[in-house]
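Chemist: Going down the list, the protein sequences come from chains W and R.
Heads up: the first sequence begins at 118 in the working numbering, then just goes up one per residue.
Heads up: the second sequence begins at 118 in the working numbering, then just goes up one per residue.
Please note that a few of the clues may not be correct.
Claimed, not checked - Have a look at the derived ranges for each label pair, beta carbon to beta carbon: (1) Ser364(R) - Lys252(W): 37 to 45 Å; (2) Arg206(R) - Asp172(W): 38 to 46 Å; (3) Glu209(R) - Ser377(W): 39 to 47 Å; (4) Ile275(W) - Glu380(R): 49 to 57 Å; (5) Ala149(R) - Asp216(W): 44 to 52 Å; (6) Glu417(R) - Gln241(W): 18 to 26 Å; (7) Asp239(W) - Asn371(R): 52 to 60 Å; (8) Glu268(W) - Ser378(R): 52 to 60 Å; (9) Ala149(R) - Lys140(W): 19 to 27 Å; (10) Glu380(R) - Arg139(W): 54 to 62 Å; (11) Lys252(W) - Glu309(R): 48 to 56 Å.
Claimed, not checked - List of simulated lysine-lysine pairs, BS3-like, C-alpha gap at most 27 Å: (12) Lys140(R) - Lys357(W); (13) Lys394(R) - Lys140(W); (14) Lys245(W) - Lys138(W); (15) Lys177(W) - Lys384(W); (16) Lys274(W) - Lys157(W); (17) Lys213(W) - Lys201(R); (18) Lys177(W) - Lys274(W); (19) Lys274(R) - Lys138(W); (20) Lys274(R) - Lys274(W); (21) Lys350(W) - Lys127(R); (22) Lys423(W) - Lys306(W); (23) Lys252(R) - Lys138(W); (24) Lys127(R) - Lys252(W); (25) Lys201(W) - Lys306(W); (26) Lys384(R) - Lys201(W); (27) Lys140(W) - Lys214(R); (28) Lys127(R) - Lys177(W); (29) Lys394(R) - Lys252(W); (30) Lys245(W) - Lys357(W); (31) Lys394(R) - Lys384(R); (32) Lys274(W) - Lys357(W); (33) Lys177(W) - Lys157(W); (34) Lys201(W) - Lys201(R).
In short, the hints are calculated from the structure, not lab data.
Note that the structure is a prediction, hence the values are computed from the model and not measured.
In this text, a Cβ means the ideal position worked out from N, Cα and C, and glycines have one as well.
The lines below spell out each chain.
Number of protein chains: 2
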Amino acid sequence: MFSLQDLQEKVNQLISNQEFKRKPQRLYDPIAYTMNHGGKRLRPLLTLMACDLFDGDVEKALYPALALEVFHNFTLVHDDIMDKAPLRRGRETVFKKWDSNIAILSGDTMFALAYQYALRTDYQLVPKILEVFSKAAIEVCEGQQLDMDFESMPTVKIEEYLDMIRLKTAVLIAVSLQIGAIVGNACEKDIEAMYNFGIQIGMAFQLKDDLLDLYGEQEQFGKITGGDIASNKKTYLFLKALELCDSEERVVLNDLYNDSSIESDIKIGKVKSIFDKTGVQATVELLMQDYYNKAINCLESIDVVKERKSVLLDLSDSLFSRNY
Amino acid sequence: MFSLQDLQEKVNQLISNQEFKRKPQRLYDPIAYTMNHGGKRLRPLLTLMACDLFDGDVEKALYPALALEVFHNFTLVHDDIMDKAPLRRGRETVFKKWDSNIAILSGDTMFALAYQYALRTDYQLVPKILEVFSKAAIEVCEGQQLDMDFESMPTVKIEEYLDMIRLKTAVLIAVSLQIGAIVGNACEKDIEAMYNFGIQIGMAFQLKDDLLDLYGEQEQFGKITGGDIASNKKTYLFLKALELCDSEERVVLNDLYNDSSIESDIKIGKVKSIFDKTGVQATVELLMQDYYNKAINCLESIDVVKERKSVLLDLSDSLFSRNY
Chain W
118 MFSLQDLQEK
128 VNQLISNQEF
138 KRKPQRLYDP
148 IAYTMNHGGK
158 RLRPLLTLMA
168 CDLFDGDVEK
178 ALYPALALEV
188 FHNFTLVHDD
198 IMDKAPLRRG
208 RETVFKKWDS
218 NIAILSGDTM
228 FALAYQYALR
238 TDYQLVPKIL
248 EVFSKAAIEV
258 CEGQQLDMDF
268 ESMPTVKIEE
278 YLDMIRLKTA
288 VLIAVSLQIG
298 AIVGNACEKD
308 IEAMYNFGIQ
318 IGMAFQLKDD
328 LLDLYGEQEQ
338 FGKITGGDIA
348 SNKKTYLFLK
358 ALELCDSEER
368 VVLNDLYNDS
378 SIESDIKIGK
388 VKSIFDKTGV
398 QATVELLMQD
408 YYNKAINCLE
418 SIDVVKERKS
428 VLLDLSDSLF
438 SRNY
Chain R
118 MFSLQDLQEK
128 VNQLISNQEF
138 KRKPQRLYDP
148 IAYTMNHGGK
158 RLRPLLTLMA
168 CDLFDGDVEK
178 ALYPALALEV
188 FHNFTLVHDD
198 IMDKAPLRRG
208 RETVFKKWDS
218 NIAILSGDTM
228 FALAYQYALR
238 TDYQLVPKIL
248 EVFSKAAIEV
258 CEGQQLDMDF
268 ESMPTVKIEE
278 YLDMIRLKTA
288 VLIAVSLQIG
298 AIVGNACEKD
308 IEAMYNFGIQ
318 IGMAFQLKDD
328 LLDLYGEQEQ
338 FGKITGGDIA
348 SNKKTYLFLK
358 ALELCDSEER
368 VVLNDLYNDS
378 SIESDIKIGK
388 VKSIFDKTGV
398 QATVELLMQD
408 YYNKAINCLE
418 SIDVVKERKS
428 VLLDLSDSLF
438 SRNY
């Protein structure tokens, strides 16, 4: 059985062994730039962990794991164009460093590369892996569309928001675990349990991200603090604060979100002070805990000795104690 | 054995049976809009023809064929953003009708849908099909990048241009035929011959397209005549004309391509009159014929009775006698 560090090392080694710098240079340079970041590389790690949980051959999960990391990075490259985000992980985004055409096309290439990597495992596993991978890929796009739709909608229901983050974030985390379980030859019930564990962890993970966007340490988080507020993102934090605050504050909050003339810093400060007054931060943390507990229940339902689950449990814990 | 009309009918039926209009609406409406065009649907047709050539089960080739059409349309949606093209097949492009964010994301979704369709065939064929498909997808992106690179390069060699259109256009036509041959259970040698036939036909097809861009009938072609000149595309037509004209005209031609202030119509007219003087149109037609002959040689090398080849031959003929 492998430790978190063993698997992290395998993922890092695998990525640094890839020759992303090919020709034409202007296509592949942004890919190499994107892949050589200091990010968490959470998704491939989850794939290897899920495979190892079932005592599967982790070597056979390496390339499918890489596929998930490349796909995830592709979505970030395209999302950053759509969101006009200047920074990602403390560095310029691809569209900012090059231009949006380069970011579109390098992203497309990464998507195709992801599929190419996903094929590099046992041939008999390929159809199943690609089936769940493609379904997830489509759902991630649907989630991103909903996210964009919400920006111009006057009101968003909390359940709509939660469904959006399920699609945009949780599904890919879930399928990373699911693919690991498939390579690990888990039974259908356990493959499904891994997926569901991933959905719950993914929901909690996104809520944590929403919190960190406002309350995280800018330097370590690598994004501008309060970016969600600056771009009028109707996050759970915002939607719940709307619900919790009194009618007067609700008007102020809505006005702030509809005012495009107000300067970012001032807007973030004002919104944050209303958020703080409502105690919404604690409410989000409660919901996060609820998803986390459900995740643990899924993990417990899997028919594997408890010791094997410790690596996944430890990682899950560390994700929710992070402050960047 | 199926006729061209039979197979065309199958392709049209298959596409009209798909429910592209799903939720979120702003993601799927552009996909339905893109797929319901009156285009040639050449690539899926080639897949079915290649399968039928080897007496394969055409029903098993339907979804891989659809995958190629969806993928091709995805590349057009993204290319139109990059090229800022307002028209495609006589209608507004997706980025123009909606916006570029919608076009990016609907395109991404089509890419994922293409893979989902490609999986819907015999499971044992899936790894091989997806391997050649992914390789082609990457090469198409490389071709598009080279195409964009050429715009800002002072000079482009003719061989570089030909390699670019091989990647950007010929490879997808080739892989459409290759996948049909795979589903048709052809032997390795014949699968390769189908691919090579596709490369040669694809090269000829693109040269025809370059000609039609300038000499085609605008209404039927569905694009603005001379669009390549307007956007300074260094097509074979341009590069060969540069080679054929005298040094004085060469300066004029280069100046016209470097002058961003000159009005489109006037520029197209001036460039065209130099082209006409050099007789470059006939030179392009000769090269096209050369590719065509090589394609026929590939087809002849395939160990199948001559009669079975007639459908592919007829289609190839019709592609080169088209005037739009």
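Chemist: Which of the numbered hints are not met once you compare them with the structure shown?
Modeler: The structure breaks hints 1, 2, 3, 5, 6, 8, 9, 10, 11, 13, 14, 15, 16, 18, 20, 21, 25, 26, 27, 28, 29, 30; every other hint is satisfied.
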